[in-house]
Structures are given as C-alpha cells and as structure tokens.
Amino acid sequence: MRGALSLNPTYYEALKRLTLELAGVNLGSDHAFLIETRLSSLSRKEGYESLDEMIEELFNTGQSRLALKVVSSLLERDTHFYTDRTSFDKVERVIFPALYPIHKGGKIRIVSFGCSSGQEVYCLAMALDKAKDKFPDVAIEIVGVDYPSSALDRAKAGRYTHFEVQRGLPIRDLLSYFDRQAEDWVIKEHIRKSVKFEETHLLSNLDSLGQFDIVVFRNALPHYSSPAQVRVLRGLSTLIKPLGYLLLGTNETLSHINYGFDPLARQPNVFRKREEKVEIIEDPDIKKPSNRKTFEKAKRRLKNMGDMRQTNSA
Amino acid sequence: MTAKTCLVVDDSRMIRRVASRILKDLKFDTKEAENGQDAIERCRLEMPDAILLDWNMPVMDGLDFLKELRKEPTGDKPVVVFCTAERDVLKITQALDAGADEYVMKPFDSDIIESKFFQAGLI
Numbered sequence: 556m557r558g559a560l561s562l563n564p565t566y567y568e569a570l571k572r573l574t575l576e577l578a579g580v581n582l583g584s585d586h587a588f589l590i591e592t593r594l595s596s597l598s599r600k601e602g603y604e605s606l607d608e609m610i611e612e613l614f615n616t617g618q619s620r621l622a623l624k625v626v627s628s629l630l631e632r633d634t635h636f637y638t639d640r641t642s643f644d645k646v647e648r649v650i651f652p653a654l655y656p657i658h659k660g661g662k663i664r665i666v667s668f669g670c671s672s673g674q675e676v677y678c679l680a681m682a683l684d685k686a687k688d689k690f691p692d693v694a695i696e697i698v699g700v701d702y703p704s705s706a707l708d709r710a711k712a713g714r715y716t717h718f719e720v721q722r723g724l725p726i727r728d729l730l731s732y733f734d735r736q737a738e739d740w741v742i743k744e745h746i747r748k749s750v751k752f753e754e755t756h757l758l759s760n761l762d763s764l765g766q767f768d769i770v771v772f773r774n775a776l777p778h779y780s781s782p783a784q785v786r787v788l789r790g791l792s793t794l795i796k797p798l799g800y801l802l803l804g805t806n807e808t809l810s811h812i813n814y815g816f817d818p819l820a821r822q823p824n825v826f827r828k829r830e831e832k833v834e835i836i837e838d839p840d841i842k843k844p845s846n847r848k849t850f851e852k853a854k855r856r857l858k859n860m861g862d863m864r865q866t867n868s869a
Numbered sequence: 648m649t650a651k652t653c654l655v656v657d658d659s660r661m662i663r664r665v666a667s668r669i670l671k672d673l674k675f676d677t678k679e680a681e682n683g684q685d686a687i688e689r690c691r692l693e694m695p696d697a698i699l700l701d702w703n704m705p706v707m708d709g710l711d712f713l714k715e716l717r718k719e720p721t722g723d724k725p726v727v728v729f730c731t732a733e734r735d736v737l738k739i740t741q742a743l744d745a746g747a748d749e750y751v752m753k754p755f756d757s758d759i760i761e762s763k764f765f766q767a768g769l770i
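These protein sequences, in sequence, are chains A and B.
Our numbering puts the first residue of the first sequence at 556, with every later residue one more than the last.
Our numbering puts the first residue of the second sequence at 648, with every later residue one more than the last.
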C-alpha cells in the first residue's frame with residue numbers, strides 16, 4: 556500500500572528530470588500530489604485508461620508530443636487577477652510615464668511571460684484602458700506567452716469561472732470589463748482584441764516575438780535551475796529594447812551576472828535596460844540552448860528508462 | 648491594536664457560522680444578525696467597521712437595510728460587502744448604487760472573502 560498517491564516513485568523522479576531537462580524548471584520535493592492530479596487530468600483528456608498507461612507510453616516510446624504536453628501540464632500556474640497589485644501600479648505609475656514621452660505617436664509593446672490562464676495579461680489591459688486618458692496618442696500591444704496548454708487555451712478564450720473572477724478582481728472591474736455568459740464571465744471584446752497570446756517558452760528561440768518595451772516576468776524565476784535562470788535572463792535581455800523595462804515579482808531580483816539592466820531606485824523589482832549595447836558575460840559552464848539537442852537527450856533517457864523497466868520486470 | 652468588527656447578516660445560520668469562522672481567521676471580531684431589521688438595530692447600538700450582507704432575507708432584505716444604514720448618522724462608516732446568490736448584472740449594479748463597497752457571489756470560499764475584504768481596504 557502506497558497511501559493516496561499511486562504513481563511509481565521511479566516515474567515520479569523521471570518526470571522531475573524530464574521537466575528540468577526540457578524546461579529548466581526544478582519541481583520541488585513536495586510536488587508529488589501536483590504531479591499526480593495534473594497528469595491524471597491530462598491522461599483522461601488524452602484518452603488513456605489510466606495515468607499509469609499514459610506514463611508507460613511516455614517512458615516506453617519517448618514520444619515528443621506527449622512529453623511536451625506532460626511538461627506543459629506540470630508547469631501550469633494557478634494565477635489570480637491582480638496577484639500583487641503593486642506590480643500593476645508600477646506599470647501605470649512608474650514605467651508608463653517614463654516610456655510615454657519617447658513613444659507618443661507610436662506604440663508601446665508589452666509581453667507577459669508565463670501568462671498561464673491570462674489573468675495578468677487582462678489585468679494589464681484593464682489597467683491601461685483605465686489610464687488611457689493619461690496616455691493619449693499611443694498604441695499599446697500586449698502579448699501573453701506561455702507553453703501550449705489548456706490554461707493558455709482558456710486565456711485565449713478569456714472565459715473565467717465564478718470563483719476565478721472573484722479572486723482578486725474588484726466588482727466594478729467585473730462589471731466594466733466582463734459579460735456574464737451562463738455560469739461564466741467572459742472578457743469584453745474590446746479588451747480581448749487588445750491582447751494576443753503566443754505559444755512558446757523562454758528556452759526556445761524568441762526572435763519571432765520581436766522586441767518589447769516592457770517585459771513582465773513575475774514569480775517564475777526562482778523555479779528555474781541556476782543554469783536555466785541565466786539562459787532565461789539572457790533571453791529576456793535580448794527581448795527588451797534599449798531603455799525598456801523588466802518587471803519581476805515582488806522580492807525577486809537579478810543575480811550578480813550582468814544582463815545589461817540597472818535597478819530603478821526605490822523600485823526593487825523594476826529594472827531598466829541600458830541604452831548602449833552590453834556584452835553579456837558568457838559562463839563557459841553553461842551550454843547554449845538547443846531545444847532539439849535537449850529534447851533528444853531527454854527522449855533517449857526516457858527510452859533507456861523504458862528498456863530498464865522492461866528488463867527489470869522480465 | 649484592537650480588532651476590526653464585522654457584522655454578518657444572513658438568514659441562514661449555516662452561512663453565518665461559516666462566514667464568521669472565515670472572518671475570525673482574518674482577525675475580525677464578529678457579530679451576527681439574521682435579517683435587515685435585526686442588523687439595523689445592532690448598528691444603532693454599535694456601528695461595525697464592516698458588514699457582510701445577504702440580499703434575500705425575511706422582515707427586511709439586504710438592499711432595504713443598506714439604504715436605511717446609509718441614512719444613519721454614522722451609517723457611512725461601515726464598509727459593506729454584499730454576499731448573495733444574486734448574480735445578475737442589474738442586481739449587482741443596484742447594490743453598488745445603493746452604497747455597497749464590494750460584492751461576493753455565493754457560493755464563496757475563504758480566498759474570495761479575503762480577496763474582497765482586501766479590495767475593500769479592510770485588510
């Protein structure tokens with residue numbers, strides 16, 4: 556008898572390694588319940604009879620499509636509207652007033668990385684819609700980015716449950732920016748049209764996204780392994796235009812490595828990219844990202860584990 | 648520092664009990680009333696800092712109570728959070744127009760109560 560959790564501990568460890576190799580994210584030691592519940596749901600959605608059947612197929616075949624879905628499912632974040640309201644205030648009161656004179660008559664591009672089910676993206680859109688009279692004559696483009704997942708599908712739909720809209724969203728914002736449809740609440744069309752969502756992640760090639768004036772990357776950095784943090788921050792650095800801003804979560808900061816940012820005085824989690832081009836210090840111990848190589852390595856490991864399992868059970 | 652006070656107004660004893668427990672966890676001193684008339688009498692004796700208010704109740708409903716409350720000499724002091732099964736946009740608007748500060752749609756949980764009380768500036 557193994558208690559409430561049914562997943563073989565060997566598979567559990569293998570899933571943690573897969574997530575680290577594919578996404579650079581360390582799942583903590585207390586994630587057994589999360590892994591079990593998230594993957595049970597995924598296995599039902601994918602048409603497997605049981606969680607074990609899905610995991611066995613993953614480990615026996617090293618199927619890339621399934622591996623990506625498993626990792627995406629494990630990394631889905633439970634997000635609320637206006638989690639840490641002060642960060643949204645900083646966009647409106649600190650960052651936008653600094654960028655506005657430079658971009659008046661043009662466009663300000665904002666990206667939210669790890670947007671999950673989209674609440675952060677819509678909060679940015681709502682906050683800037685309310686402040687539009689303060690910042691006239693500038694177009695705003697907001698992009699939400701995350702792994703392909705059911706959470707991202709929900710973000711694109713802009714549809715939230717009765718419980719979700721009551722966690723963090725003031726009632727007046729609910730009335731102003733959502734329509735009630737049956738038991739759910741759906742973001743109004745003019746806000747939904749002002750944002751878009753892209754499926755990608757920070758360890759992949761981000762060139763197609765273009766450059767942004769503001770990058771919002773909150774409450775995710777500590778989950779990455781140390782080498783992955785360097786790759787992530789290097790990727791973010793290339794995404795931000797000179798004099799653009801990086802907004803991290805409260806109490807999050809950049810490491811000692813030079814990514815070309817300066818911290819803002821009295822705004823501990825806001826960083827501005829320097830105007831001049833900065834040579835980013837390369838760490839020789841950290842390999843450059845190669846998704847294909849990383850994935851092939853993970854796939855070989857999964858295949859080997861499957862072979863080992865079969866040998867052991869023979 | 649003295650704890651803030653909250654009057655929980657609902658005709659369901661179960662709801663009053665659940666809401667009071669959540670609010671005590673949020674460090675509120677709670678009192679209970681089972682309808683609007685009972686609530687207005689309690690407010691005249693001692694005005695609370697916050698009121699968690701059901702809509703549909705016998706004797707005096709939540710909306711009539713709120714209108715009466717705001718006419719009282721210190722009736723603008725309490726932060727009023729409606730907590731009701733009414734989810735219609737017109738009903739929500741009606742509650743806000745009558746002077747409600749926030750609005751909880753039942754069913755609720757502790758996260759929702761905490762979030763709404765935070766938005767209303769109570770915590």
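It is possible that some hints are incorrect.
In silico DMTMM-like pairs for lysine to aspartate or glutamate, Cα to Cα no more than 25 angstroms straight-line [stated by the list, open to error]:
#  : chain 1 : residue 1 : chain 2 : residue 2
1  : B       : K753      : A       : D644
2  : A       : K743      : B       : D711
3  : A       : K662      : A       : D633
4  : B       : K671      : A       : D639
5  : B       : K753      : A       : E719
6  : A       : K645      : B       : E761
7  : B       : K714      : A       : E719
8  : B       : K671      : A       : D734
9  : B       : K738      : A       : E604
10 : B       : K674      : A       : D639
11 : B       : K738      : A       : D728
12 : B       : K753      : A       : D684
13 : B       : K753      : A       : E612
14 : B       : K724      : A       : D728
15 : B       : K738      : A       : D639
16 : A       : K743      : B       : E733
17 : B       : K753      : A       : D817
Interface residues of chain B toward chain A, partial, derived using beta-carbon atoms under 10 angstroms [unchecked claim]:
#  : residue
18 : L692
19 : E693
20 : D696
21 : A742
22 : F755
These are calculated hints, taken from the structure and not from any lab test.
Please read all numbers here as calculations on a predicted model, not as lab measurements.
Using N, Cα and C, we set each Cβ at its ideal position, and we do this for glycine too.
We went through each hint and held it up to the structure:
About 29 angstroms separates the Cα atoms of K753 of chain B and D644 of chain A, which puts this hinted pair outside 25 angstroms; it is violated. The hinted pair formed by K743 of chain A and D711 of chain B fails the criterion: a straight-line CA distance of about 32 angstroms is larger than 25 angstroms. Between K662 of chain A and D633 of chain A the alpha-carbon distance is near 31 angstroms, which puts this suggested pair outside the 25 angstroms criterion. Taking the CA atoms of K671 of chain B and D639 of chain A, the gap is about 24 angstroms. The hint holds against a cut of 25 angstroms.
About 13 angstroms separates the Cα atoms of K753 of chain B and E719 of chain A, which keeps this hinted pair within 25 angstroms; it holds. Among the hinted pairs, K645 of chain A with E761 of chain B is consistent with the structure: their alpha-carbon atoms are about 23 angstroms apart, no more than 25 angstroms. For a cut-off of 25 angstroms, the pair hint linking K714 of chain B to E719 of chain A is broken: about 30 angstroms separates their Cα positions. Restraint check for K671 of chain B and D734 of chain A: not satisfied, since their Cα atoms lie roughly 34 angstroms apart, outside the 25 angstroms limit.
The hinted pair formed by K738 of chain B and E604 of chain A fails the criterion: a straight-line CA distance of about 46 angstroms is larger than 25 angstroms. Of the supplied pair hints, the one linking K674 of chain B and D639 of chain A holds, its CA atoms being roughly 21 angstroms apart against a limit of 25 angstroms. Taken as a hint, the K738 of chain B and D728 of chain A pair is honoured in the structure, with Cα atoms around 16 angstroms apart against an allowance of 25 angstroms. Straight-line distance between C-alpha atoms of K753 of chain B and D684 of chain A comes to about 29 angstroms, which puts the hinted pair past the 25 angstroms bound.
About 43 angstroms separates the Cα atoms of K753 of chain B and E612 of chain A, which puts this hinted pair outside 25 angstroms; it is violated. Simply put, K724 of chain B and D728 of chain A have alpha-carbon atoms about 23 angstroms apart, close enough for the 25 angstroms limit, and the pair holds. Restraint check for K738 of chain B and D639 of chain A: the C-alpha separation of about 29 angstroms exceeds 25 angstroms, so the hint is violated. Our distance criterion of 25 angstroms between C-alpha atoms is met by K743 of chain A and E733 of chain B, whose separation comes to about 21 angstroms.
With a C-alpha separation of about 47 angstroms, the suggested pairing of K753 of chain B with D817 of chain A is violated against the 25 angstroms cut-off. The interface hint given for L692 of chain B is broken, as the beta carbon of that residue sits about 29 angstroms from the closest beta carbon of chain A, more than 10 angstroms. Restraint check, E693 of chain B versus chain A: the minimum CB separation of about 27 angstroms is more than 10 angstroms; hint violated. The interface hint given for D696 of chain B is violated, since its Cβ lies 19 angstroms from the closest Cβ of chain A, which is over the 10 angstroms cut-off.
The criterion of a C-beta within 10 angstroms of any C-beta in chain A is met by A742 of chain B, whose closest approach is roughly 9 angstroms, and the hint holds. Checking F755 of chain B against chain A: minimum C-beta separation of about 7 angstroms stays under 10 angstroms; hint holds.
In summary, the structure is inconsistent with hints 1, 2, 3, 7, 8, 9, 12, 13, 15, 17, 18, 19, 20 from the numbered list given earlier, while agreeing with the others.
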